[in-house]
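Asker: Just so you know, the sequences run in chain order A and B.
Quick note on UniProt numbering: the first sequence kicks off at 1 and runs consecutively.
Quick note on UniProt numbering: the second sequence kicks off at 1 and runs consecutively.
Just so you know, not all the hints are guaranteed correct.
Here are a few chain B residues that face chain A, going by a calculated C-beta distance under 8 angstroms [claimed, not checked]:
#1 Leu108
#2 Glu338
#3 His341
#4 Tyr343
#5 Thr347
#6 Ile348
#7 Lys351
#8 Gly353
#9 Thr358
#10 Gly359
#11 Ile372
#12 Gly374
Please keep in mind that the hints were generated in silico from the structure rather than gathered at the bench.
A quick note: this is a predicted structure, and the numbers were derived from the prediction, not measured.
All C-beta atoms, glycine included, are put in the ideal place defined by N, C-alpha and C.
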Amino acid sequence: MTIEAIQNEIIDEFSMFEDWEERYQYMIDLGKDLPIINDQYKTESNIIKGCQSKVWVHAELNDDKIEFTADSDAIITKGIIAILIRVFNDQHPKDIIDANTDFIDKIGLKEHLSPTRANGLVSMIKQLKLYAIAYQTQIK
Amino acid sequence: MLDVSKIRADFPILSRQVNNKPLVYFDNAATSQTPQPVIDVIVDYYSNYNANIHRGVHTLSQEATDKYEIARQTIQTHFNAKHAHEIIFTSGTTHSINLVANGFSALLKKEDEIIVSALEHHSNIVPWQMLCERTGAVLKVIPMNLEGELIMETYDNLLSDKTKLVFVNHISNALGTINPIEYIIKKAHAVGAAVLIDGAQSCPHIKPDVQALDVDFYVASAHKVCGPTGVGMLYGKEEWLKKLPPYQGGGEMIAEVTFEKTTYADLPHKFEAGTPNICGGIAFGAALDYMNNIGFDNIASYENELLAYATEQLSTIEGLKFYGTAKHKTSVISFNLEGIHPYDVGTILDKLGIAVRTGHHCAQPIMDFYCIPGTIRASFAFYNTKEEIDVLVEGVKKAKMMLS
Ligand SMILES: Cc1ncc(COP(=O)(O)O)c(C=O)c1O
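With the rest of the complex left out, here is chain A:
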């Protein structure tokens, strides 16, 4: 599926929720479900700085597509990560670089997109894109 198609799917899912509580409960459940990173990658150098909660991201290139894994010690952050990973995982670096992230606004999580919010979502998207830029140069 394309990044855009996945984003639309997520927007559809979130549109069924009546209020913030259902949205957050869904994210929390996503966060709980996912052991999303191998412990060996929970290293100091994989930590994204500037967050109240710790966020780790790891990326690998397989068949010209990037495989992301990530984790956080805060569950809501982890839920948001789970959504991001669903969108960006197994995609070509170029598509990741070009992707916009307006869908976060559309699913009612706009407050998490503020660059001053200490949850690291913005730094995290930036980090995912940086990985994509780095891997892009390795692809012929």
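Position chain B with the ligand against the provided structure of chain A, taking the given hints into account.
Answerer: For chain B with the ligand alone, coordinates are given in the frame of chain A:
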């Protein structure tokens, strides 16, 4: 007795909604809210007599200067300083501490010792570490116990004739512990060391008497006592302020300038280079007037009631752990829910219109001591109510349900 509903009517912000819920503001230790009389003073300043001070002959400048100096006297009276010129206007606690730390560069030498406590805000740690780097002085730390109280026996042992300076907060921002500063000051003076007390967290609750305390430096921020941000004060004993060299150079702080030599102005202007936060200083005075009108005894006893009620109500939540259970503490409650990150709880509480602080509260050494990433901190002011505490308790229960 406080008429809390009447007091609440003074604070326009308390009637706003957050996320479609009535705001419950429990982040008072970070910054307090501003009552209408103080807002009026700010509006009046910019509407009627905004001018630069101390050097104009025109009427506006004179009026602004008078009001600014009256504010200085208000602060002097509030802290019971001997002289008005012992009150230096600064941009806040952080600035005040840096001013003193910078001055001590000229007074310390290698292997002199300075003492800090384990309970400090980063503002009362980092400037002194920088001082140590500049001078080769050594930083010693008074440790704390599990309750969040400083261990005075160790403090006694740290003191020696090498000790030149001791700096401790009056009240800890992260845990609310009231420190035994009378004892700390007396013991420091016995070995000839000076003492700086960081009053950022005490001034919202207590009216300190700097002469009775015999403290050498006392510092505070206006924004924690119902005043505006970006202004604060340094009290220093006259003899100390005369001894310390100026911090910043510029206008206002000089007596005479030639390219060969500049002589400095007298106190307090020696430490007040440049155009100050004039409106802020005047509003700081108004904020202290406002709080004194309510009365610090009334404030303290009401806040103690809130603290006791909140502690009792929060204790009913299973898996809730308090950090900082000192015998003497103010209306600050730091806690965590077992197995849940404070950031998650703070996010849910915000959705419910409740403002608390989460994180390390600029006191990382305390979090390291407890081996936690941070806490949820609810801090109460005299305009808060038991009903709001009920909302918090329900909110924490809800967060716990959603997150576990
Ligand atoms: C104990 C303590 N010291 C210093 C500060 C710093 O105050 P300011 O940021 O107003 O300079 C604070 C503020 O949170 C504090 O609580």
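Asker: Please go over all the hints and tell whether each is borne out by the structure.
Answerer: Structure-based check of each hint:
Interface hint at leucine 108 of chain B: violated, since its Cβ lies 34 angstroms from the closest Cβ of chain A, which is beyond the 8 angstroms cut-off. Using the Cβ-Cβ criterion of 8 angstroms, the hint placing glutamate 338 of chain B at the interface with chain A is not satisfied: the shortest such distance is roughly 14 angstroms. At its closest, the beta carbon of histidine 341 of chain B sits 4 angstroms from a beta carbon of chain A; the interface hint therefore holds under the 8 angstroms criterion. Checking tyrosine 343 of chain B against chain A: minimum C-beta separation of about 4 angstroms stays under 8 angstroms; hint holds.
Because the closest C-beta pair between threonine 347 of chain B and chain A is about 5 angstroms apart, less than 8 angstroms, the hint holds. With a cut of 8 angstroms, the hint placing isoleucine 348 of chain B at the interface with chain A holds, because the nearest CB-to-CB distance is about 7 angstroms. Interface restraint check: lysine 351 of chain B against chain A, minimum CB-CB distance 5 angstroms, threshold 8 angstroms, status holds. Below 8 angstroms, beta-carbon pairs count as interface contacts, and glycine 353 of chain B has none with chain A, the closest being about 11 angstroms; its hint is therefore violated.
Hint status for threonine 358 of chain B relative to chain A: holds, with the closest Cβ pair at about 6 angstroms, below 8 angstroms. Using the Cβ-Cβ criterion of 8 angstroms, the hint placing glycine 359 of chain B at the interface with chain A is satisfied: the shortest such distance is roughly 5 angstroms. The beta carbon of isoleucine 372 of chain B comes no nearer than 11 angstroms to any beta carbon in chain A, farther than 8 angstroms, and the hint placing it at the interface is violated. At a threshold of 8 angstroms, the smallest CB-CB gap from glycine 374 of chain B to chain A is about 7 angstroms, leaving the interface hint in force.
In this structure, the earlier hints numbered 1, 2, 8 and 11 are contradicted, and the remaining ones agree with it.
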